[in-house]
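Position chain B relative to chain A; hints supplied.
If you read the sequences in order, they're chains A and B.
Residues in the first sequence are numbered from 1 upward in steps of one, following my numbering.
Residues in the second sequence are numbered from 1 upward in steps of one, following my numbering.
Hints may contain errors.
Which chain B residues face chain A? A few, computed with CB under 10 Å, are given here [said to hold, decoys possible]: (1) M142; (2) C166; (3) D223.
Which stretches of chain B does chain A cover? Using the computed rule of at least three CB atoms under 8 Å from a CB of chain A, they are [to be verified]: (4) 157-163; (5) 171-177.
Simulated from the structure, these hints should not be mistaken for lab results.
Computed from a predicted model, the values in this text were never measured in an experiment.
Glycine included, every Cβ here is placed at the ideal spot set by N, Cα and C.
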Amino acid sequence: MTAQLRFRDVTLGYDRHPAVHHLDGAVESGALLAVIGPNGAGKSTLFKGIVGALKPLAGDIERGGLTARDIAYLPQIAEIDRTFPINVYDMVSMGLWRRAGLFGGIDRKGRDAIAEALAAVGLAGFDRRSISTLSGGQMQRMLFARLLLQDARVIVLDEPFNAIDAKTSADLFDLIRRWHSEKRTVLATLHDIDFVRANFPEALLLAREPVAWGRTADVVTPENLLKARRLCEAFDDYASACAHQAA
Amino acid sequence: MLYDLFIAPFTEFEFMRRALAGSVALAVGAGPIGVFLMLRRMSLVGDAMAHAILPGAAIGFLLSGLSLFAMTAGGLIAGFVVAFAAGLIARMTELKEDASLAAFYLISLALGVTIVSMKGTNIDLLHVLFGTVLALDDQTLMLIAVNATITLIVLAVIYRPLVVECVDPGFLRSVSGAGGPAHLAFLALVVVNLVSGFHALGTLLAVGIMMLPAAVARFWARDITAMIFTAAATGCVAGYAGLLLSFHAGLPSGPAIILVAGVLYAVSVTFGRVGGLLRQLFPGRHLEA
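If we strip away everything but chain A, and leave its shape as in the complex, we get (with noise of 0.2 Å):
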């Protein structure tokens, strides 16, 4: 096995304020990894270095050969502008931009990928449909297709279940399932131990600093998840430098 995603020794951070600190390890390629942990975990943190949406304030993170750009990036709060006149088909066919760029037409090929998409997620129909008369659900169902468009080797999904239903979590799991197969590297915040217990071969338990990391089984147990909580404080305005580094 290689390693997929490396991190050494990365710190990520606002205003200097560590949200990740001194994270070292590796994701193999193919790996299913829940990144699990209380809120003010750093979890959306370390996906946005992952994806290079925020630069490490120290260490670094490497790609195993690929670009952040190559990485698909759902994000906890996406930035979608509802009220936007368009319309699901040409919403998940943004999905091919690597494909297509700024100039390039979609082809027979193209259009066939979209159309199963839609299908794969549950939206055949939905084509025309305009994005501001979607539930919450059929959002998500819909971003999941253009991640499928996508095509990416590396899959980074933060708090892709949130506010969803049982039926929705169950099917959108399932094209997790089918990434992992196809061995694509999958990563996910998730809040539901539970689940993650159930499905999830690898953890990570992150409290600012990495808590555990490896089996699932061996991360999330009680005594893990207590030291989790107890690590996870608020970030403190006057920390001085970090003495870590030096020493």
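Then chain B, alone, in the frame of chain A:
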């Protein structure tokens, strides 16, 4: 009779033909720009930028009188400086674009009016504030036409990143770096069109032919392509009908054009197919599914 009313003014008078050609060219370029300004929630930015052009044009006026070249160059330079400065500040700091532009709005207007008054007469001032659509010379007409052409070409080039950035900026950032350059190119187009509009309709009304047709389009079209065409067509109709109105009723032509656009807007707000008032008040019985 109908001929006399609707067509004769243009066949008989050259200045009416020129005014019509100018208005149509203006509408075709400014309409689509207005649609994007509206969808990017930058409607007021257009307004602020139109005012930002004034001091530049006024300095051109101060240096060489009512010269097309000097006033255009001055307006373009002032517009670009403000647009790019505001755009960069908005992208690099926490301050939102409208906030950084709001400051320019009044300062520019005051500065521009002061500079024009230093040298010119009240007529010059009216000229600058409300334009001279009935007195477009060859050069000005050419400038407006060239600007409209450039606008449509550049818009076609940056269309995809521009649309994606409006709907889902995060996604665009994750797949491409084209968002920033497209945004700057778009701001440049706003300036170019406002300078065109400045010559025909003046500082105060130039934004009208940009934003009113866009607002009208929002009430009739559900997707952006249709919206762009509706906006351009609305601008053309407003130009044509406004000129007729000003011809027959003896009204100032620039304000007449914007007034017609205003009437179209009022009609759209009331009767618009997409979210118009009547539609909302009397939606009809709900459907089966």
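Results for each hint:
no., hint, result
1, M142, "violated, 29 Å"
2, C166, "holds, 6 Å"
3, D223, "holds, 5 Å"
4, 157-163, "holds (count 4)"
5, 171-177, "holds (count 5)"
The structure shown violates just one earlier hint, number 1.
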